[in-house]
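Engineer: Chain by chain, the residues run as shown.
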Amino acid sequence: MALLELKNVYKIYGDLHALDDVSLKIDVGEWVAIMGPSGSGKSTVMNIIGCMDKPTRGEVLLDGVDIANESSRGLTDIRRDKIGLIFQQFHLINYLTALENVMVAQYYHSMPDEKEALEALERVGLADRAKHLPSQLSGGEQQRVCVARALINHPELILADEPTGNLDESNEKIVLDLFRQLHDEGTTLIVVTHDAEVGAAAERVITLEYGKVTSEDGDTSFGKVARRDVV
Amino acid sequence: MKRSTMYFRMITASIARRRSRMLVALLAVTVGATILAGLVMVYYDMPRQMGEQFLAYGANMILVPNGDSEGMTEDEVQEAIGAIGGVESDISYCYESATINDAPIIITGCDLDKTYATSPYWQIEGALPSKPGEILVGLEQAQFFSLHVGDTVSIAYLPPDATAATAGVNLNGAVEGKVFQGFTVSGILDTGGSEENYFFMSDKDMEALIGRSLTYDVTELRINADADELQADVEKIEANVPGVSPQLVKRITESQTTVLSKLSALVLLVTVITLALIMITVATTMTAVVTERRREIGLRKALGASDGSIMFEFMGEGLLIGFIGGLLGSFLGFGFAYLVSTNVFNSTITFLPALIPVTIIVALAVTALACILPVRNATKVDPALVLKGE
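Going line by line, the protein sequences match chains A and B.
Quick note: the first sequence uses the working numbering, first residue 1036, plus one each step.
Quick note: the second sequence uses the working numbering, first residue 841, plus one each step.
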């Protein structure tokens, strides 16, 4: 069953086609990596899937709802209720502790629950760092707090933007292990990355180039779309 | 945990853990609230303070006998005082003509301690009369009669009913029937004014000399009231005490009204400028805060915060600063008012408990107003910017 479906999606900025007739389908429980070189449209896809932007044309069905027709408030509701976001730069609130950062996501979603937030931190191996401020945590630890925050509301979809981009090898492994656990539990994961190793960990790799899907089969080599094909 | 608990946890953490930036706003609100509360306290207390100051300039109302009446009795004076309120001091004077070695003088009977207490410009060489038979002599008269402290002088008083026909005239042409009494000069009075032409004695000595109860020629009243209230008091006395004619000392009442209105205008001006300065500082700080925290706002929106939530949180921070600043300012304002009062007016000031909530409400209102624009700007932040690595 498809959780997310993009049908003939375009995103056009003036003369630039950031997304050019993109169609793809992601099933519930799938772990998909979206890869591509810089300027391929990865961020644009991420923004649209993450309900932070709307396509110029086309349909984006998330759990059966076309987000292209949603108002700004509707997109906020979908983001809050269905999506967990993980960022390359972690984006923790610097004056809140690790625990409070996790609870912020609960606060906007429903009801803050300290015990549950602590369990989420425990799950990412940071229960003992709950009272630490982000500045007192290493990059890997911050990213794990970010993961805990993303999964605290049990979202249908976890969307990660270059989640290991700022991590060393050992922390990258920890984060990928966490993704594996989430995947095993049936969580749908979409990871935008240009890291082949992160891509290889996914079940399926969708490759974008110049705003077009060039591969959906795990072929991570780029260069299938000639520059002249781009409008 | 309740959402409200988490809300307060977030806004207090934002202020407590980001001290440097928020301290600027807090300082601005506190200083503003201090000046505001202090000025209001001084302003509120100013009529009393000014009243005390103007007390030094003398009475602002005098009572004189009405029409043909020879003088006012003590009862009439008290009746007039009872008809109005706010009389801070009353001194009645009885003037009589007398002679020293046949040279005419004017003797004044009054409560000398009271007169001295309300006449700070009186300079006395020696002391006030403290015993029966002592007299205070005006400087002019002391020089004229070559009187010094400790000298004795014989004062002759001719009762109004003693005439040349009844009492006879002696060889020197002096009227017989005079009452002579010796007095000791306890002090010489130097005022630079008309008082230097009089001899002052206590009410009791005066009664003993003239041989009857005193009736007063003038009663000086110092009333703590503005010009309109004084005018109303005049009408009350005129209506209730026919033997007494009240008159305003316009030089004093009008000066007081003028000074008060000018000071009030000054206080109002400073208050308005202070409020404007608080608004500018808080608005500038909040704008800087919003700019600095664009990424955080984007993140919150990405996590599902509505525009209303973002406004509520930033406004909450602003209002918390307003509340703390207002609370601190209301107490510091008392200190400020106390300093102004002791240094400028030379008197203490009364703390107004009602000023605490008033200062807090004003600080909250000004802070809220200053936050509106920056907070609205905060809602315009695009959540997608957190993905762009900005």
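No wet-lab data here; the hints were simulated from the structure.
Some clues are possibly wrong.
[To be verified] Capping the alpha-carbon separation at 30 Å, the derived lysine-lysine pairs in DSS-like fashion look like this:
no.	chain 1	residue 1	chain 2	residue 2
1	B	K1076	A	K1166
2	B	K1090	B	K1076
3	A	K1150	B	K842
Engineer: Hints numbered earlier in the text: which of these fail when held up against the supplied structure?
Structural biologist: 1
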